[in-house]
Amino acid sequence: MRLFVYGVLIKKLAKGRAAELVAALDDGLPATTRGALYAVQGEDGGWYPILLPDPEGGEVHGVVHEAGAVEWQAMDAFEDAHDGPDAEYRRKTIPVMLPNALVVDAQAYCYAREVPADAVPIEGGSFARWLEDTGRRPIGSR
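Using numbering that gives the first Met the number 0, the first residue of the sequence shown is number 0, and each one after it goes up by one.
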């Protein structure tokens, strides 16, 4: 099983609890999927992304890891991912493309709610680059 991360679970962006959750993962490989990516401001003033997978959507950049070291219950709790109607995310299997153009299935945390009115579309599909370009910081980085 694989895990595709595209935001605050990318090791170089992960802070606090997110960093603890991804510490045991391998370095991963750059990967892309298709969909829409938005940035949402968190309660601490930092930002986090939301992904809506869509095979007809734009390219979304992230990292794919072998998921042997993932503590799924802890990761699901961090992402508020469950089957209930109030879940923020759902963990889904989505196709991701590796650098060699091979397409593989990976688990990803996909947004489960309506896109907030104040969400910012991330042109180019890279949350890490968006943070750099805008000077904003990810959640949990205070």
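Among these hints, one or two may not hold up.
[As the list claims (entries may be wrong)] Computed cross-link-like contacts, DSBU-like style, restricted to lysine-lysine with a CA-CA straight-line distance of at most 35 Å:
(1) 11 / 91
(2) 10 / 91
(3) 91 / 14
Please keep in mind that the hints were generated in silico from the structure rather than gathered at the bench.
Against the structure, the hints:
1. 11 / 91: Holds. Residue 11 to residue 91 sits at ~23 Å (cutoff 35 Å).
2. 10 / 91: 21 Å, holds
3. 91 / 14: 24 Å, holds
Checked against the numbered hints given earlier, this structure breaks none of them.
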